[in-house]
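*Asks:* The residues making up each chain are set out below.
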Amino acid sequence: MDMGNMAARPLARRGRAAGRLGRMGRIMKVAPSTVLFVGGAVLLAGVYFTVFFYYPFVQNLYWMFTDFTLLSFLHPTHWVGLANFNTFFHDATAHQAFVSSFIYAVASVPLIVVVALALALALHHITVGKPLLRVLVFLTYLMPTIASGLVFRQLLGQYGLINSYVSDLGLPRLPWLTDALWGQAAIVLFFVWKNAAFFMIILLAGLSNMNAALTEAASIDGAGPIQRFLNVTIPQLRPALLYCVIVSTINALNIYPEVVAVTQGGPAGQTRSIMYYMLDEGFGMNSKVGYASVIAFFLFIVVLVITLVQMRVTRFYED
Amino acid sequence: MKNRFSLAAATALTALGVLSVTPANTSASSAHAANVTLNVVGATNELTNATRIYEKLYPNVKVNIINANWGIGGKDTRDKELILMSSGQSLDVIKMVWGKAFFRQGVLTDLTNQIKTWPIYKDYTSGQKQRITYNGKIYGITTSNNTIFMYYNKAILAKIHAQPPKTLRDVSNIARAIKAAHLKTAKGLPIFATSFEGGNWATDYWVWANGGELMTPSYKTTLIDSPKDIAAYTYMQDFIKNGEAPKVDGTYDAAWLNGQIALMPIGVWEYNASVTAKLNFGMTTMPVGPGGNDVSIGGVEYGIPVQSAHKTEALNFLKVLISRATDFQQDQTGQGEPANPALYNDPQFRAAWKKVGLLNAMMVQQQQLKHARYNFLEAPFIFPDGATAYNNALSAVLTNLANPAATMKTAAQTIDQGIATASQG
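Chains A and B are the protein sequences, given in the same order. Note that this note's numbering gives residue 244 to position 244 of the first sequence, counting from 1, and the numbers run on in steps of one. Note that this note's numbering gives residue 56 to position 56 of the second sequence, counting from 1, and the numbers run on in steps of one.
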């Protein structure tokens, strides 16, 4: 047995592997270890997205055409063709839930952007206690949605704290939880309160990355604060602002825990969002997963179209 | 390079070690070797005592408690059970309030021959037996049975010189007296006679007390649009329209704890909050109306899925779950109501309740349990959407003040159609 050759073989194998990576690295002009790291990260990301996004999406596409329920381990699943689609097109409750979701998006997105921008500007210019204030404001985003929503519900009750102040001012108590429109307003308010802090962080980062020389130049040229804000700050914040608008729109269209916590879809189911209705159909006592898959698909299409339109109109990728 | 490799190797080995030791689910088992593992789905704090007692009696069986949050109406627990079963996990005992629906769908084992021979079955009230029976067959046991009963604010009743109501007429008289006296709390909030918060589980008392019924005995048709039921919904709505009850807004017991409600139909779970709110209150059974004073029977059921590979062991676990020993352990901390109604008379149980301040509340509940029955529209087992249709209609009547006859007629049509369709399938 030639011990010298045996000892040399592992080294030779390592040499060949290093050689392949080395060749890739030379082609890409990066070190082999970088190739290994990036390749590994891409592979992990690919596995993650496949398992948690692409596979469920394909599964959803299949279930849309079946009568699959959560009890299908006991009863066979049948192909039903377009029956679930037919049900969806005639389901007035689903249509009303879609309308509610649109109302939440249209009402909450401008408010979120305005509130987040105001908070970001305030925190950007404050010189004392900035880190502490940032944490305190961001705590609203970190609080569990259901727990904080239940507190909101108690505050907004007919004889809750908010109405006690309203009543003290001599005004009639507001029907936050007993009227459909006011209920939707309550959900929008809670959604804005809960999510504005997240977008504040995005805008704060944008403000920190601004070119101070431009602001100074505008100031020297005699521009007032409002002119500087509109003509210097906003254009530089445009990418961050667009991101906030697009992501908050997607979130608002998918609104769910806020509805559960504040109104539970009431009164009489009039404040249900489409996500609320979809989860009720899919995981409620009926567990009509096949039908819920159709609702999920249409929600996906709606969100996709709206997002693409937003990006196109605002020329998002040109930035 | 060598250091990085060593660090990576050490991390991987540590992770492997942790993974091999950490159990996948919460378990209250002891350290001895077991031949059988029983998978039980429920709340850990409700099952720990029973598990400890069971594993002592059956050392060859290890109980694996799969903790499940309850959620709204048990939704989270039900979702977890279905997802576990549909992914192939074998469950041996599961917690439900949807036992009838599961039994009808073939999920649960028929336990009629076994449970009917157990001593507790003779002691179960008629409401408890209704909970665990479907088409004459028994699919499980029921525990933690509770009801609403009448909490009354002594301070408010004293102001109008009224006694705790015994009949529905007394309730109406109290309502008129409060309104005539223009009573307000110390903070200037209006005072009401009663409240209809709590969903249909709480409001069905008012329908039954007024002589109405929710379903026909066969559960094939709803009666929520019948003249007596409409009269009951109108009775409730008139309270709200006259300012004798607040609109239902989902804030549940807030008005009661504010001292705004004279007569609050709610359960033993409200006792501690009422004491903390420093209310001067008493408790009694619900007032009697033309239809009696039946309320919905609360509680949960435990059954054995047909897929269980350890039905004998699971049955023994159910026996332990409803045993006196388990109930006593639970009730020492005021956590639960005894499964066996006969235990309400047990001196040791009474002493334990007295220690945590719950004796009076439990004695009232004992009386009310004799007048408690199964509520179909809380967990309808033929057409599940019926609960949503009914609750939305109830909300429309008690919040939006919609016309009761028209609203309930629409809901009844939806429910009847749904039941008819589901019965064919």
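Certain hints may be false.
As the list claims (entries may be wrong) - A few chain A positions that, by computed beta-carbon distances, are all more than 12 Å from chain B: (1) 238; (2) 279; (3) 301.
Said to hold, decoys possible - To give a feel for the contact side, a few chain A residues facing chain B, derived at Cβ under 10 Å: (4) 144; (5) 147; (6) 154.
Read the hints as simulated data drawn from the structure, not as lab findings. Ideal Cβ placement from N, Cα and C applies to all residues, glycine included.
*Asks:* Taking the shortest Cβ-to-Cβ distance between residue 279 of chain A and chain B, state whether it exceeds 12 Å.
*Replies:* Since the minimum Cβ distance to chain B is about 9 Å, residue 279 of chain A lies within 12 Å and the statement is violated.
*Asks:* Next item in the hint list is residue 154 of chain A. Is there a CB on chain B closer than 10 Å to its CB?
*Replies:* Constraint on residue 154 of chain A satisfied, holds at 6 Å.
*Asks:* Hey, is residue 238 of chain A genuinely clear of chain B, shortest beta carbon separation above 12 Å?
*Replies:* The claim stands: residue 238 of chain A keeps its Cβ more than 12 Å from every Cβ of chain B (closest is about 42 Å).
*Asks:* Holds or violated: is there a CB of chain B closer than 10 Å to the CB of residue 144 of chain A?
*Replies:* violated (13 Å)
*Asks:* Given residue 147 of chain A was flagged as interface, is its beta-carbon under 10 Å from a beta-carbon of chain B?
*Replies:* violated (13 Å)
*Asks:* Could you check that no beta carbon of chain B comes within 12 Å of the beta carbon of residue 301 of chain A?
*Replies:* holds (26 Å)
Violated hints, listed in ascending order, are 2, 4 and 5; each of the other numbered hints is respected by the structure.
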